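Numbered as in numbering that gives the first Met the number 0, the sequence shown ends at 693 without a single skipped number.
No lab work stands behind these hints, which were simulated from the structure alone. Any given hint could turn out to be false.
Straight-line Cα separation of at most 27 Å, BS3-like style, residue types lysine-lysine; simulated pairs [what the hints assert, rightly or not]:
(1) Lys543 - Lys490
(2) Lys541 - Lys435
(3) Lys435 - Lys490
(4) Lys344 - Lys557
(5) Lys244 - Lys574
(6) Lys397 - Lys490
(7) Lys490 - Lys541
(8) Lys313 - Lys423
(9) Lys492 - Lys482
(10) Lys244 - Lys392
(11) Lys313 - Lys254
(12) Lys344 - Lys397
(13) Lys244 - Lys313
(14) Lys631 - Lys692
(15) Lys482 - Lys435
(16) Lys392 - Lys492
Ranges of calculated distance between the beta carbons of each label pair, as one might list FRET restraints [what the hints assert, rightly or not]:
(17) His275 - Ile622: 32 to 38 Å
(18) Leu440 - Ile231: 41 to 47 Å
(19) Ile405 - Ile202: 20 to 26 Å
(20) Glu431 - Pro308: 52 to 58 Å
(21) Leu654 - Tyr369: 45 to 51 Å
(22) Pro308 - Leu440: 58 to 64 Å
(23) Tyr200 - Ile524: 19 to 25 Å
(24) Lys435 - Tyr600: 56 to 62 Å
(25) Pro578 - Glu431: 36 to 42 Å
(26) Glu252 - Leu654: 20 to 26 Å
(27) Val436 - Ile209: 34 to 40 Å
(28) Arg683 - Arg535: 39 to 45 Å
(29) Ser382 - Lys452: 45 to 51 Å
(30) Val625 - Ser194: 43 to 49 Å
Computed from a predicted structure; not experimentally measured. A virtual CB, placed ideally from N, CA and C, is assigned to each residue, including glycine.
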Amino acid sequence: MDIACMRGNLNLKDTFLSKFIFINTFFLLFTSSIMSDETQPLSLEELMNMTISTANKAPVAIKDIPASVTIVTREEIERYGYITFVDIIRDIPGMYLLDNTERLLLGTRGVTGGGIEFLVNGIPQHPSLQKVLTATDINKFNIPVESIDRIEVIRGPMSIMYGNNAFQGVINIITNDAGSQGSMASVSIGTEGISRQFARYAIEDDEYRIVVNAGRYTTDGLSGNYADMLSIGQLSRLYPTSDTKIDGRVPKEEKSLDLSASYGDLELNVRHNIMHYGVYATIPGIDDANYLDLETTQASLTYSTQLDPNWNFKVLGIYSQEKYDFPEFNIFSPEFSANQYQTSKRQEFETTLAYANNNLKTIFGYRYRYINDVENDVNFFLSDVMIQGRLDKLMPYKTHELFTQINYKFNDNLAVEAGVRYSKIPDAFEFERYNKVYNILNSTSVATDSSDKVSGRLALMYQINEHHSLRTLIGNAVQYRDKITVDAPEKIKSFELQHIVNYPDIQLQSSFFYNTINDIAQREIILNDDGSTYSRLINNSKWKTVGIELIGSLEFNKHWRGSGSLVYQNSQDTKYDIPVGYSPDLIFKIKTDYLDGPMRYSLNLNYIDEMEAGYTIHYENGISTVERIGNKVDDYLLIGANIRYVPDPNFYVNLKADNLFDETYHYPANEVATMENGLIGMGRVIMLTVGYKF
0 MDIACMRGNL NLKDTFLSKF IFINTFFLLF TSSIMSDETQ PLSLEELMNM TISTANKAPV
60 AIKDIPASVT IVTREEIERY GYITFVDIIR DIPGMYLLDN TERLLLGTRG VTGGGIEFLV
120 NGIPQHPSLQ KVLTATDINK FNIPVESIDR IEVIRGPMSI MYGNNAFQGV INIITNDAGS
180 QGSMASVSIG TEGISRQFAR YAIEDDEYRI VVNAGRYTTD GLSGNYADML SIGQLSRLYP
240 TSDTKIDGRV PKEEKSLDLS ASYGDLELNV RHNIMHYGVY ATIPGIDDAN YLDLETTQAS
300 LTYSTQLDPN WNFKVLGIYS QEKYDFPEFN IFSPEFSANQ YQTSKRQEFE TTLAYANNNL
360 KTIFGYRYRY INDVENDVNF FLSDVMIQGR LDKLMPYKTH ELFTQINYKF NDNLAVEAGV
420 RYSKIPDAFE FERYNKVYNI LNSTSVATDS SDKVSGRLAL MYQINEHHSL RTLIGNAVQY
480 RDKITVDAPE KIKSFELQHI VNYPDIQLQS SFFYNTINDI AQREIILNDD GSTYSRLINN
540 SKWKTVGIEL IGSLEFNKHW RGSGSLVYQN SQDTKYDIPV GYSPDLIFKI KTDYLDGPMR
600 YSLNLNYIDE MEAGYTIHYE NGISTVERIG NKVDDYLLIG ANIRYVPDPN FYVNLKADNL
660 FDETYHYPAN EVATMENGLI GMGRVIMLTV GYKF
């Protein structure tokens with residue numbers, strides 16, 4: 000079930016502007032202090048020369064990857080004292096999140112929701128986006144911060160390596176680097192009912208490695224008046240005994256356990272996540288209803304061997320399953336309730352053969368995926384009498400995929416990378432729907448299009464000199480939606496041009512990107528001649544995004560560091576000539592920190608421009624008009640600060656404040672929620688953490 004997120008009517012632009020100017024002034028003074036420092040600066044070349052496997056499924060130096068790459072190291076995570084994995088995502092250039100209590104939607108480059116492949120230790124996580132299902136993928140964010148050794152983010156089309164749904168990029172969370180921080184334990188307590196416990200065991204030698212991470216996180220959730228989120232009309236229709244505040248209605252508990260073990264050429268990864276949290280389901284929750292349980296289990300076994308100095312062979316097997324249980328949620332009134340239960344399972348096999356020498360890097364791969372036990376059981380009751388009930392089952396299906404990518408270096412200045420992926424998908428997705436009220440079983444199918452089976456990518460890299468390089472890339476992909484009635488997938492084409500400046504004390508990356516997406520699903524409401532209406536999903540909208548991305552990093556000495564990013568993007572629905580919903584024009588971020596003996600002080604800010612809500616298409620007398628499903632939400636600026644005290648290498652104390660100025664901000668509405676003015680965001684959070692590394 001999709002629960003909405005909405006916005007508030009508070010006009011905070013003047014407040015944001017003053018703080019924005021203050022922080023920018025601070026940052027300019029900060030960088031001036033760095034530049035005037037006579038201490039020998041640290042070089043950023045080590046970062047550019049770091050090898051990662053996320054982009055090519057084989058080790059490649061970051062400087063040789065033709066894409067926009069961001070690396071978040073363990074050291075950086077500690078410097079800024081992030082409370083949750085979500086907080087880290089908020090600080091990644093160009094990315095932002097939309098919360099609607101049930102799910103988190105990740106946005107980047109003009110598009111929100113889907114399109115980003117989540118990996119943990121290089122293993123794709125359970126695919127939540129399936130026909131029939133409406134399950135959320137929020138469990139992918141259930142990763143304790145203390146377990147993260149490194150995060151690798153690739154923005155841009157990555158479908159060649161990871162399949163057609165990775166058209167916006169890949170996020171790889173590394174949790175099994177035993178040498179990153181070793182064994183440790185920590186406890187945290189904070190405002191908003193925050194409590195956090197974590198333990199890690201890590202050991203390795205030349206032959207084996209074992210890393211176990213276990214964490215628990217709880218919070219009371221959001222606080223605020225419904226009067227700030229709902230319109231006057233919506234407030235007047237609430238049940239008389241409904242809550243007036245969201246306080247305590249959307250708490251959250253997260254539990255996570257992961258094991259990674261390797262011996263010789265074998266590696267085992269096991270993850271188990273559980274979430275129990277409150278959801279705003281159409282109206283304020285009544286009594287103890289509107290609580291959702293998610294449980295995800297995943298196991299993988301990898302065999303990787305170096306056949307000779309140039310050839311590497313790898314085999315990967317994955318099993319995963321997910322359960323979504325919404326035992327009771329209220330709709331409209333206490334007498335009207337519902338429940339929902341969803342499941343899905345995946346079995347996956349992948350093998351790759353990679354070759355690398357000084358000039359040529361290539362990989363050949365095959366992936367087999369089997370999806371089964373996909374069910375969606377939803378029931379509606381009026382005074383405990385079932386008025387509607389159905390069980391949807393997606394018939395098991397298989398996919399076979401072949402992919403290859405070649406990177407060839409002509410000389411020290413010019414290189415090319417090209418790849419293609421062929422996906423053999425079913426001719427149709429077949430499913431059954433059982434109507435429980437009328438005891439009727441129907442079978443149907445949704446056809447697929449043969450033109451959706453091929454994805455391609457081409458990139459050129461030109462090294463102008465030792466400090467400047469140019470990269471350009473184009474790619475395409477598709478993304479199948481969860482809606483049964485939508486047959487064609489979304490189709491994306493992406494173009495990007497980059498200029499990289501790399502000096503020992505500064506890195507600058509400027510990118511121009513242009514994306515087009517066809518066959519976007521939109522809801523159409525049709526008015527009949529008799530005055531009745533009905534709605535349906537149509538998928539013939541077209542979107543276009545044009546943007547620039549500027550990212551800079553500074554390391555002028557061992558005490559001061561700074562980085563910043565600015566993304567300007569414009570996303571338009573070219574069919575209806577209106578701005579796309581959930582897409583801010585401007586995203587601006589700055590991070591700085593200062594080291595003084597055992598003390599480290601850091602500051603980070605995150606500015607997100609105003610956003611429109613989504614929209615529906617109203618069709619009457621042959622004329623289509625567009626109507627927003629909620630009001631535009633204001634821009635907002637969130638500021639975080641952190642103080643870290645490390646008296647010795649093993650012990651630390653961390654004091655973190657998020658949303659330091661306690662700004663009120665809202666997320667724009669989606670088509671299901673009733674919050675026309677938007678769901679309120681999290682207020683100021685202060686958390687104290689004590690940890691010990693063994």
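Okay, the hints, checked on the actual structure:
A distance of roughly 12 Å separates the Cα atoms of Lys543 and Lys490; the hinted pair therefore holds under the 27 Å criterion. Only pairs whose Cα atoms come within 27 Å are accepted, and Lys541 paired with Lys435 is rejected, the gap being roughly 38 Å. For the hint pairing Lys435 with Lys490, the CA-to-CA distance comes to about 36 Å; that exceeds 27 Å, so the pair is violated. With a C-alpha separation of about 49 Å, the suggested pairing of Lys344 with Lys557 is violated against the 27 Å cut-off.
For the hint pairing Lys244 with Lys574, the CA-to-CA distance comes to about 40 Å; that exceeds 27 Å, so the pair is violated. The hinted pair formed by Lys397 and Lys490 meets the criterion: a straight-line CA distance of about 21 Å does not exceed 27 Å. Distance hint between Lys490 and Lys541 is fulfilled; the C-alpha atoms sit about 9 Å from each other, no more than 27 Å. Of the supplied pair hints, the one linking Lys313 and Lys423 holds, its CA atoms being roughly 22 Å apart against a limit of 27 Å.
A C-alpha spacing of about 22 Å is found between Lys492 and Lys482, which places the hinted pair at or below 27 Å, so the restraint holds. A distance of roughly 38 Å separates the Cα atoms of Lys244 and Lys392; the hinted pair therefore is violated under the 27 Å criterion. Among the hinted pairs, Lys313 with Lys254 is inconsistent with the structure: their alpha-carbon atoms are about 31 Å apart, more than 27 Å. For the hint pairing Lys344 with Lys397, the CA-to-CA distance comes to about 12 Å; that is within 27 Å, so the pair holds.
For the proposed pair Lys244 and Lys313, the alpha carbon gap of about 54 Å is over 27 Å, so the pair is violated. At roughly 47 Å between alpha-carbon atoms, Lys631 and Lys692 are farther apart than 27 Å, so this suggested pair is violated. This hinted pair checks out: Lys482 and Lys435 have alpha carbons roughly 21 Å apart, not beyond 27 Å. This hinted pair does not check out: Lys392 and Lys492 have alpha carbons roughly 32 Å apart, beyond 27 Å.
Between His275 and Ile622 the beta carbons are some 47 Å apart, a value that contradicts the proposed interval 32 to 38 Å. Under the hint 41 to 47 Å, the C-beta atoms of Leu440 and Ile231, about 45 Å apart, fit the expected range. Range check, Ile405 to Ile202: Cβ separation about 39 Å, and the 20 to 26 Å hint is violated. Against the hinted window of 52 to 58 Å, the Cβ-Cβ separation of Glu431 and Pro308 comes to about 53 Å, which satisfies the hint.
Leu654 and Tyr369 have their C-beta atoms about 48 Å apart, which keeps the hinted 45 to 51 Å range intact. In this structure, Pro308 and Leu440 meet the distance hint of 58 to 64 Å, their C-beta atoms being roughly 60 Å apart. Our hint of 19 to 25 Å for Tyr200 and Ile524 is violated, since their Cβ atoms are close to 56 Å apart. In this structure, Lys435 and Tyr600 meet the distance hint of 56 to 62 Å, their C-beta atoms being roughly 60 Å apart.
The given range of 36 to 42 Å is respected by Pro578 and Glu431, whose C-beta atoms sit roughly 40 Å from each other. Taken as a hint, the range 20 to 26 Å holds for the pair Glu252 and Leu654, whose Cβ atoms sit roughly 24 Å apart. Distance hint for Val436 and Ile209: a CB-CB separation of about 53 Å, inconsistent with the stated range 34 to 40 Å. Look at Arg683 against Arg535: about 43 Å separates their beta carbons, and that is inside 39 to 45 Å.
Take Ser382 and Lys452: their Cβ atoms lie about 50 Å apart, and the range 45 to 51 Å holds. Judged by the Cβ atoms, the range 43 to 49 Å given for Val625 and Ser194 holds: they are separated by roughly 45 Å.
In the structure shown, a violation is registered for the earlier hints numbered 2, 3, 4, 5, 10, 11, 13, 14, 16, 17, 19, 23 and 27, in ascending order.
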